[in-house]
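As you go down the protein sequences, you meet chains A and B in turn. Sequence positions in the first sequence follow this note's numbering and run 1 to 655. Sequence positions in the second sequence follow this note's numbering and run 1001 to 1160.
Don't take every hint at face value.
Now the in silico label distances, taken between C-beta atoms and shown as ranges [said to hold, decoys possible]:
#	chain 1	residue 1	chain 2	residue 2	range
1	B	P1139	A	P568	41 to 49 Å
2	A	P568	B	P1089	41 to 49 Å
3	B	S1035	A	I536	16 to 24 Å
4	B	P1089	A	R550	17 to 25 Å
5	B	M1006	A	V600	37 to 45 Å
6	A	V600	B	V1020	44 to 52 Å
7	B	P1139	A	E565	35 to 43 Å
8	B	S1035	A	R550	37 to 45 Å
9	A	V557	B	P1089	33 to 41 Å
With a cut-off of at most 30 Å between alpha-carbon atoms, the simulated BS3-like pairs for lysine-lysine come out as follows [to be verified]:
#	chain 1	residue 1	chain 2	residue 2
10	A	K616	A	K145
11	B	K1026	B	K1057
12	B	K1124	B	K1026
13	A	K552	B	K1026
14	B	K1124	A	K552
15	A	K552	A	K145
The hints are simulated quantities; they were obtained by calculation from the structure and are not laboratory data. The beta carbon of each residue, even a glycine, is placed where N, CA and C say it ideally should be.
Residue-level listing of the chains:
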Amino acid sequence: MSVLPFLPLILFAAGALLSRSERLSHGFAVAGALSTLAAVVATGGVFESIWTVGSEAAATIGFRLDRLSSTFLVISAISWLAVSIPGLEGKHPRSTRTSLGMNMAFFGIYLVLTAADTVLFLTGWEIMTVFAFIAMTPHVDEPRKVFRFLAFGELSALLLALGSAVLFATDHTLSLIEASAAPAAFVILSSLAVVVKMDVAPFHTWMRESYERLPGRVAALMSVGVTLAGVYGLQRFLGEGAVSQWWLLTLTLVGALSAFWGALQAAVARGLRNVPAFSTVEYNGMILCAAGISAMAASGETSSLQYLSSFAAGGVVVLSLSHALAKSLLFTSIGHAADDNLFGPEAIDGGIGDNDSAPPRAVTRIEDLRGLWSRGRRLPALGIAVGGLSFAAFPPLIGFVGEWMLLETTFQSFRFSSFAERFVASLSGVFLALAMGMIAFAMTKYIGYVVMGNETGSRPSSTVNRPTRRSLLSAGTEIALMVLLVGTGVALPLVLMAFGQSSLLNGLLGVPKPLLLVSGVPLFGVVSPTFFAVLIVVLSGIPVAVWSTRRKSYRTVEAWHGGIEQSPAERFTSDAFSQILAHILRAFTRASVNDEGGNVSLQTKDGLEGAWGLLKDALDVVGTALSRLYMNGRIAWYVGYILITFVVVLIVGTV
Amino acid sequence: MNWWPMRGLTRRFTERRTYVSNLPVKPLPSLFRRSLFVYPIDLGNSNALNMDISALKTPHYNPHRVGIFFAATPRQADVLLLLGTPIAPLREALTATLHQVPRPFAAVWIPEEGPDEEGIYLTKAVEDAGGSLIATIVPYRGPEDILGVLRTAMNGRFAS
């Protein structure tokens, strides 16, 4: 049994070594994910294997599983399975780097989630970042587009390293678990590092160009796997020691603003993969906000604040699970729909191979995949619909419960004693409510066009309804994820009990314990996802039964286009759908009219991308000036550098 | 606020006649169960028919008492009242309007000067748009003929 927790690492490493064979490599990844689940079940979620390094007793490294890491291991393993199983079909040519990157990223994430010390954590973090980058590189036409991801990743690693150094310098320990009184600087640096990694705004600006052509499984890895590691880190570090109030307030507010920003960008996005990508920004913002409020409440004295803290922490788990399931489903379905010959042989799942000099036309826009259901691609269409509905908080899917928990958390801001906490929690609630509304808008657009829209009619009908390749594994993955999304929503009490959150469950007013999820003590709000699901089935079942037994009689009428004659190919596009929001909120979306030879469209920009661009330009100017000044080609300057370095090393070494 | 059909009847503004037409009238589509929303379209009549439509809206006839209402646009109409013989410049507009009425719909034609070959054109235009010409009122004597045809088509429902 003690070997079992190390088995996933071996399997992922083997998968990376065999990356030339896509099927074999993904087979090892699947085995690694399954053995992860087996390890958690076999050890009961508790495991420890610590080694002392060198003569200093305080320097220990090793692996450790506790409730938090087990929870995130289970969620991660489900997402790893979801992204690996479609790869077993082996129909993605030239995917060596992708297979290598994915396996090693899983390896890194596993290290992060099981590390008992900062050294292993940092190692896993760096492996995850570098190999996630490698997994992306074959799928972008210019490597420049993903450099920003690497830059943010390295910034994150740097902050983590600084935090670890602070921890070691002050507490003389490497341990992540036992540092119960960790210095504030460590908590601040480390939590900032994971926030950077969670794609929280403004650290999301690498996404727009990078996601454009990513295959479903790589996009799911970036959106779910990597950010889950960030969420785990956040919960781990915020649970360490006392955190200053202002830092928690900042994190909470940043989370809420990020949720708002991500939802807004998703609502006006045109890219097929950009809408789910920006919804990651939104979701991780919500998770950050919940984690911040949880940590704020944890320092409270009263039992109601203590309960609020554990309720918000439960919200983090539910939100993480719902995000992992729904996003994996969305990206698997998108990959499934885009990777057969539906759109011509040139469009193969993201399109570009390792050594392809002539990039084929890829399916990148919502309009490219329009009308999936009417083209006969029912299963991916259903997958996108169910995943999207979960993000739109549609009951009884688990996304609904997650967002309900978060809103209930912010509604209880009155329980805080200090004005600043009350104000920030309430203000966050405002931004979160806006975000939830806008993401529902974005998902309405997404489902409405990709799933339910009419096909554009620009393609020959011979390509429609005739997928040449069977994608049974993708189909199976989609069905399993759909069942999980509905199942975890309906049977949420079971999920919470499995993740050790049963204190949040109770019974009231005829609802037996533990079917009721209670948001506050003294009683504030309750919901029973199970009863809610039963109610929905009954209440919607009766009208549907009545409707289906009666004769359908209704009248139809042609759409009125203001009397303007339409050409047969003319459609109301998804861009047009979101233009009203883009225009009204132009202060945020920076919408401007683009007129190219009478072809008028509304362009939107992410203002934060521009801010990073300005920073880059400024650094370019400063860097050029500095290099001209100090790296000026004169030998005397270089001799001076060497001497200064020598003296500094001598002094440091002596001290 | 007074409920106009009752007020008209109790204050004796409104006649109490129940109209029945002797003209051949096809039954309405079974979709229409209760009230009817009527929209008159002037196809180029002598204006006398327009006056009659205005008269129909007065308290004297009070068509609301029998469930007949005037729709604000063709898209809200169940029955079209086609007034007069279509003149050439209005044919295109008529076709466009017919296509804006939810299908199925009914149409009643009052040719004013007796039916001619335009009747064939009108029947085809209405059927092409998914409706059916249920009656042609010839001879036409006054607004009571319109009420009679509509009441007959409604098969006596909403007796006053």
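Tested hints:
| no. | hint | in the structure |
| --- | --- | --- |
| 1 | B:P1139 - A:P568: 41 to 49 Å | holds (46 Å) |
| 2 | A:P568 - B:P1089: 41 to 49 Å | violated (28 Å) |
| 3 | B:S1035 - A:I536: 16 to 24 Å | violated (35 Å) |
| 4 | B:P1089 - A:R550: 17 to 25 Å | violated (45 Å) |
| 5 | B:M1006 - A:V600: 37 to 45 Å | violated (55 Å) |
| 6 | A:V600 - B:V1020: 44 to 52 Å | violated (59 Å) |
| 7 | B:P1139 - A:E565: 35 to 43 Å | holds (41 Å) |
| 8 | B:S1035 - A:R550: 37 to 45 Å | violated (21 Å) |
| 9 | A:V557 - B:P1089: 33 to 41 Å | violated (25 Å) |
| 10 | A:K616 - A:K145 | holds (14 Å) |
| 11 | B:K1026 - B:K1057 | holds (24 Å) |
| 12 | B:K1124 - B:K1026 | holds (16 Å) |
| 13 | A:K552 - B:K1026 | holds (22 Å) |
| 14 | B:K1124 - A:K552 | holds (27 Å) |
| 15 | A:K552 - A:K145 | violated (53 Å) |
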